[in-house]
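Chains as they are written, first to last, in the working numbering: chain A, 1 to 203; chain B, 1 to 225.
Keep in mind that the hints are not guaranteed to be accurate.
Claimed, not checked - Keeping only pairs whose Cα atoms sit at most 27 Å apart, straight-line, the calculated DSSO-like set for lysine-lysine is: (1) K6/B - K112/A; (2) K112/A - K128/A; (3) K67/A - K3/B.
Unchecked claim - If we take Cβ atoms under 10 Å as the criterion, some of the chain B residues that face chain A in the derived model are: (4) A9; (5) R10; (6) R14; (7) N72; (8) A76; (9) A80; (10) L97.
Derived by calculation from the structure, the hints in this document are not laboratory data. Predicted model, so just to flag it, every value in this text is computed and none were measured. Every residue, glycine too, gets a C-beta built ideally from N, C-alpha and C.
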Amino acid sequence: MLEAVDLECVRGDRPLFSHLSFSLEPGELLHVTGANGSGKTTLLRTLCGLTRAHAGEVRWHGTAIHKLGDDFHAQLAYVGHGNGIQGDLTPAENLSVAVSLSGSADIAQIGKTLERLGLAAYHHFPAKILSQGQKRRLALARLVAEHKPLWILDEPLSGLDVDSASLMTTILMEHLAQGGLIIITSHQDINVETKTTLHIRIN
Amino acid sequence: MPKLLKAIARLFWRDLTVAMRRSTDILTPLVFFVIVVSLFPLGLGPEPVVLRTIAPGVIWVAALLATMLSLNRLFANDYADGTLEQMALAPYPLALLVLTKIAAHWALTGLPLVLISPLLAVQMHLPETAIATLALSLLLGTPILSLLGAVGAALTLGLRGGGVLVSLLVLPLYTPILIFGAGSVAGVIAGIDTEAHFSLLGAFLALALTLLPWATAAALRVSLD
Numbered sequence: 001m002l003e004a005v006d007l008e009c010v011r012g013d014r015p016l017f018s019h020l021s022f023s024l025e026p027g028e029l030l031h032v033t034g035a036n037g038s039g040k041t042t043l044l045r046t047l048c049g050l051t052r053a054h055a056g057e058v059r060w061h062g063t064a065i066h067k068l069g070d071d072f073h074a075q076l077a078y079v080g081h082g083n084g085i086q087g088d089l090t091p092a093e094n095l096s097v098a099v100s101l102s103g104s105a106d107i108a109q110i111g112k113t114l115e116r117l118g119l120a121a122y123h124h125f126p127a128k129i130l131s132q133g134q135k136r137r138l139a140l141a142r143l144v145a146e147h148k149p150l151w152i153l154d155e156p157l158s159g160l161d162v163d164s165a166s167l168m169t170t171i172l173m174e175h176l177a178q179g180g181l182i183i184i185t186s187h188q189d190i191n192v193e194t195k196t197t198l199h200i201r202i203n
Numbered sequence: 001m002p003k004l005l006k007a008i009a010r011l012f013w014r015d016l017t018v019a020m021r022r023s024t025d026i027l028t029p030l031v032f033f034v035i036v037v038s039l040f041p042l043g044l045g046p047e048p049v050v051l052r053t054i055a056p057g058v059i060w061v062a063a064l065l066a067t068m069l070s071l072n073r074l075f076a077n078d079y080a081d082g083t084l085e086q087m088a089l090a091p092y093p094l095a096l097l098v099l100t101k102i103a104a105h106w107a108l109t110g111l112p113l114v115l116i117s118p119l120l121a122v123q124m125h126l127p128e129t130a131i132a133t134l135a136l137s138l139l140l141g142t143p144i145l146s147l148l149g150a151v152g153a154a155l156t157l158g159l160r161g162g163g164v165l166v167s168l169l170v171l172p173l174y175t176p177i178l179i180f181g182a183g184s185v186a187g188v189i190a191g192i193d194t195e196a197h198f199s200l201l202g203a204f205l206a207l208a209l210t211l212l213p214w215a216t217a218a219a220l221r222v223s224l225d
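Chain A extracted, bound-state conformation:
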């Protein structure tokens, strides 16, 4: 489904990695590890198409993603370092904007999703009063409400408490069970029982 072919990424003048190839099938999780500054975020952004690869290409169903454009974006949910939350809107409003922007307008799910992630009590408050961990949960709520097959997650567990992290693991497992693909960077171990987990360590 998702293939990286001979990827080479450069940040400024500094080469990060080269000749990186892998392929990911439905139900598989790719866990990217590496030291700070080794290029994990750049790899993830390249896989989304936000950053252009210096060489090589990323393919989705055999076609290069920059040729697919919006058709690829319709399959992709990306959670980066930024949570994409506007502090003056309530959590429900934030989520409804994100969901309609992503094109999978499942507005009815929003209340249920917020409840599942433990944010229902903050329904009417502006998102700026949420703590870091709660904001992270709100960013991850997008994944649940959007129903995209490919999830690309940059440090999704940072700032989450133990319960939220295990809830997130459950959500990841559900997604894999439904035939989803996940690419994740995390310094924590991810205890996902799945048929295949790929590991890439960038040096």
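Let chain A serve as the given structure and place chain B on it in line with the hints.
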């Protein structure tokens, strides 16, 4: 309603709602506009002939500066919190989403300037016929200011001292709009036919609407890379 229209309506609603909840954002350019124009009668004295002569230029220059003042908040917040990445990864043309944001920006800064301009025109002793011309020229001109400003804001996104850089980048591009906008009002006062001014402003607006959202989207992609 198709999903694209829904997404655009939602984005427009979002920008307006956020601005309403942060009302200083809307008031700052408007108050700036009013204060700058009001300084001239105070500084030059209340001589109607002098004020009438300088009024078109003063009001138009103040409108340019007020728009400049509001440009940095067009994309900066969304860039900092990661919303812009989500827009770039949305399954819709980024240029259309950008156009939506520019439209919201104009509704929040350009439109209030147009609406308050007749009041300032009276203060500057403009004749009645010129008041309508002033409002109309601003109605055609301020959307161009927002569209051009968006390119500058997108190019300087995430740079240190971006605010000053935007002014240097965008103000020279504003000069044709200033010339024809202020020229149309001055023409009416002098009794000259101003149809050509308005045709040109309309042509600028049509050109800006078709080209600049794409340029802004391309600049944003570069800034996000």
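Structure-based check of all given hints:
no.	hint	verdict
1	K6/B - K112/A	21 Å, holds
2	K112/A - K128/A	21 Å, holds
3	K67/A - K3/B	22 Å, holds
4	A9	8 Å, holds
5	R10	4 Å, holds
6	R14	5 Å, holds
7	N72	17 Å, violated
8	A76	13 Å, violated
9	A80	7 Å, holds
10	L97	8 Å, holds
Comparing the model with each numbered hint stated earlier shows that hints 7 and 8 do not hold.
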